[in-house]
Amino acid sequence: MPSFHPGKTFMMDSSVPLTSPSRRAGALSELRQRVTGRWLFALLLVLGCAVLSLLVLAPLYTLLSKSVENKAGDFVGLDNFAHYLSSGGIESAFFNSLWVAGLSTLVVVGLAFMAAWALTRTRLPMTGWIRGVLVLPILAPSLLPAISLVYLFGNQGVLKSWLFGAEIYGPIGIIMGSCFWTFPHALMILLTAMDNADGRHYEAATALKASPWRTFWTVTVPGARYGLVSAAFVVFTLVITDFGVPKVIGGQFDVLATDIYKQVIGQQKFEMGAVVSVLLLLPAMLAFLADRYVQRKQSASFTARSVPYRPRRDHRRDVIGAVMLAPTILFILAIIGMAVYASFVTFWPYNLELSLNNYQFGRMDGGGWGAYTNSLQMALGTMVIGTLLVFFNAWLMERTPQPRLLTGVFQFLSLLPLAVPGLVLGLSYIFFFNHPDNPINGIYGTLFILILCTVSHFYAVSHLTAVTALKQLDQEFEAVGESLKASRWRVLFTVTLPLCLPAILDVALYLFVNAMTTVSAVVFLYGHDSQLASVAVLNMDEAGDIAPAAAMAILITTTCAAAKLIQGGLRFWVDRSTRAWRQGTE
Amino acid sequence: MKHLKKALALTALMAAVNANAQTELTVYTAVEAEDLKKYAARFNEDHPDIKINWVRDSTGVITARLLAEKENPQADVVWGLAGTSLLLLKNEGMLTPYAPEGLEKLSPKFRDRDETPSWVGMDAWMAAVCVNTIEAEKNNLPMPTSWQDLTKPVYRGHVVMPNPNSSGTGFLDVSAWLQLMGEDKGWEFMDGLHQNISRYTHSGSKPCKMAASGETSIGVSFAFRGARLKEKGAPLELVFPEEGLGWEVEATAIVDGTDKLEAAQTLVDWSITRQAMEMYNEGYAIVAMPGVAQPVEHFPANAEALIIDNDFGWAASNREAILTEWARRYDGKSEAK
Chain Y
0 MPSFHPGKTF MMDSSVPLTS PSRRAGALSE LRQRVTGRWL FALLLVLGCA
50 VLSLLVLAPL YTLLSKSVEN KAGDFVGLDN FAHYLSSGGI ESAFFNSLWV
100 AGLSTLVVVG LAFMAAWALT RTRLPMTGWI RGVLVLPILA PSLLPAISLV
150 YLFGNQGVLK SWLFGAEIYG PIGIIMGSCF WTFPHALMIL LTAMDNADGR
200 HYEAATALKA SPWRTFWTVT VPGARYGLVS AAFVVFTLVI TDFGVPKVIG
250 GQFDVLATDI YKQVIGQQKF EMGAVVSVLL LLPAMLAFLA DRYVQRKQSA
300 SFTARSVPYR PRRDHRRDVI GAVMLAPTIL FILAIIGMAV YASFVTFWPY
350 NLELSLNNYQ FGRMDGGGWG AYTNSLQMAL GTMVIGTLLV FFNAWLMERT
400 PQPRLLTGVF QFLSLLPLAV PGLVLGLSYI FFFNHPDNPI NGIYGTLFIL
450 ILCTVSHFYA VSHLTAVTAL KQLDQEFEAV GESLKASRWR VLFTVTLPLC
500 LPAILDVALY LFVNAMTTVS AVVFLYGHDS QLASVAVLNM DEAGDIAPAA
550 AMAILITTTC AAAKLIQGGL RFWVDRSTRA WRQGTE
Chain A
0 MKHLKKALAL TALMAAVNAN AQTELTVYTA VEAEDLKKYA ARFNEDHPDI
50 KINWVRDSTG VITARLLAEK ENPQADVVWG LAGTSLLLLK NEGMLTPYAP
100 EGLEKLSPKF RDRDETPSWV GMDAWMAAVC VNTIEAEKNN LPMPTSWQDL
150 TKPVYRGHVV MPNPNSSGTG FLDVSAWLQL MGEDKGWEFM DGLHQNISRY
200 THSGSKPCKM AASGETSIGV SFAFRGARLK EKGAPLELVF PEEGLGWEVE
250 ATAIVDGTDK LEAAQTLVDW SITRQAMEMY NEGYAIVAMP GVAQPVEHFP
300 ANAEALIIDN DFGWAASNRE AILTEWARRY DGKSEAK
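Residue numbers (numbering that gives the first Met the number 0), protein chains in the order written: chain Y, 0 to 585; chain A, 0 to 336.
I should point out that these hints are in silico values taken from the structure, not numbers from a laboratory. Bear in mind the structure is a predicted one, so any value in this text is a computation, not a measurement. In this text, a Cβ means the ideal position worked out from N, Cα and C, and glycines have one as well. Accuracy of the hints is not assured; some may be wrong.
If you want a taste of the chain A side facing chain Y, the calculated C-beta under 7 Å gives, among others [what the hints assert, rightly or not]:
1. N52
2. A63
3. E68
4. E70
5. S165
6. R198
7. S212
8. E214
9. P234
If we strip away everything but chain Y, and leave its shape as in the complex, we get (with noise of 0.2 Å):
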């Protein structure tokens, strides 16, 4: 058992000087000092509101209130929604959407906390690297499981037998699709939710000889309750905001996102698009307002005095967790193992020949090595960019003294990107940006504002990550830093940060791939000398190349795994010595 913990430590030495009468004068201008403090921070938050607003709101604005005007630009009311209400059967695109989404974020959250459990509650071997399986899929582009799903479930798919004659393309093949890319974030932020759990409530369940099933359901699950219904909020937002998979492997079964990629690319009627895009952010509002609710019965469940979660040593336990780990992590190496093996095959299914000819990309239109090193640049620099903004704006909102509405506002802010399908904020991004009065419209068609626009796309995980890992540190830290006259800027740099370091390595990776991976807002974006290789992954297989397509596709991936790998690296040595250091020495 380790004897020293940092807060601890704090409150003794703390005690005395406040009470001391000769510091009164003192207390005083500390007094001061703490209001200007919090009007500082009350200024960074809205300043970050307002960058928020630049890079998401202005611009959905600009294409969103296209929704109340005609094509000439003038106002009438909700004549779009009446008539596309109107135009039939959007009810079966609505109730479609509903339960495509519900049923695939019922399966992933139970496959992540299942995961997830395994992961941090068992003592399987080599959970390391369980943890880099399980992430794959977000380091693959999207048409990447397209094409494995229809490999291996199409008509002429190795098995296809497992269908029961029922069919890939339509609501199975868009469910398998987006379990296979929303899994990883609902991972993400459960792991973040478990990892950090407080021993002391399994020591307190040992000893009141509680049963393993009775432990798991009154201590991790309630542990894990605000990761779960994060995670939830979070896979049902994707799901039914992609139009990506449906797309690709829906056929003609219809669901609301696919309706704007008709609307918009099919028809060039932008109006309309704005309207199911309006239409699409309700259930994501109600998902959004559900998680605000459950959110204010949260609190910290790794206090000042936790002590670190050790799971003993049980056999059983491990092979359950094992048992758990099993499908998810078979059905994602299909997947993977499928799209590495058709980016060697010739022509498929009539000629399976295996070659490395489909990786010689400098031979290759649509970009070639080019758009690869584009593509890196723009990763690297949503990686920078995007890390530094996410921390800091969800330090100042959970760490610092805010009112409740700037909290409430930034939440709301900071989570609607998820809402939006990458398609709808792509566009609005040329409305805003491309405006000639827009004063920084020299971005356009620069690397900078493929940078901004994925920062913007992807903000909403990385910030519920970022909370979940500072809403775990009890607020202790700061008051007892306060009461050592450390300001909270030092709390920052020598409590909070090093703390908060693996999830602060998790949402930077998470930035890095997406950014390597997005297609649907860059496509909009892009200019002559920034195309991305996601987008000639798209282009060739458009093009009937689907060999080189899987095989660029399989380019990106090993890049995409290969910065998994430092980030695997450094979140060891971090936890090895931030452990130390929270343990302290006996």
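Based on the hints, put chain A in the right spot on chain Y.
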């Protein structure tokens, strides 16, 4: 020393290239990525002083992008975009009318009808049916020869076509059937076809790609994609139904507000020269200048005789009504009961 010399030579060469490439044109296009290098290189043989910076994407994305950029257009020229899309841009006042040198040599079908045209044609992009010979044999499907054939019960569940609400190719087919057969017969035909369709796709090339990989036996798509896939080794047979084929013109236009008008005009001039037409003919059987086209492999020799007399004005003004009717009849939305 040797390296230094090489480096110096290289710098000199680059300087020479830079000195020549004084004007840079931003050109938006939906032409196949694999053809872009060729197009620019051939143009540069005659005009080395103009550098083309391509921005390429699929027809729908490029059109949406151009329209969204209306307030502050980024493109100088559009070279290789569907006539229907250019008509939209023209109606938005986004194109600068220009009569390029040699305009009179183009077939009247292949240019904007205005005296000073807003766009001039390059080539035609025509419908075709991609049939996978291996899968057709497996399923005992006879080779179809006409559109009507595709409504026969033997093809039930074996046909894929693009959704006209998402894809220009899909709309081109639907509009051609309505023009060929008349409204009533046209919808009747589509009712029959709908019985045999296993799914509607969002992309125009997807049905042919699905046929190429055996995911379906028959894909209603366009000829160019089918020919390219065949070259890559797909077991495809391209069928050109005898009743006639829908088609769409691919064309060039100057974007209004460009500050490089002179270079833009040079490019448009070149885009309808005989050389350019011969270049288009390497991939397309029908080009805008009569008498130039040579037969192209995998395309029918009498391609020009097979295409319908497409009334683009009629198609454009009835598009909304046709699409609404189509969605009412066949969309998954109205179908799911």
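Hint by hint, here is what the structure shows:
1. N52: Check passed: Cβ of N52(A) comes within 4 Å of chain Y, closer than 7 Å.
2. A63: holds (6 Å)
3. E68: Because about 6 Å separates E68(A) from the closest Cβ in chain Y, which is inside the 7 Å limit, the hint holds.
4. E70: holds (5 Å)
5. S165: holds (4 Å)
6. R198: The hint holds - R198(A) has a Cβ within 7 Å of chain Y, the shortest such distance being about 4 Å.
7. S212: holds (6 Å)
8. E214: Holds: closest Cβ of chain Y sits about 5 Å from E214(A), inside 7 Å.
9. P234: At 6 Å from the nearest chain Y Cβ, P234(A) passes the 7 Å test, so the hint holds.
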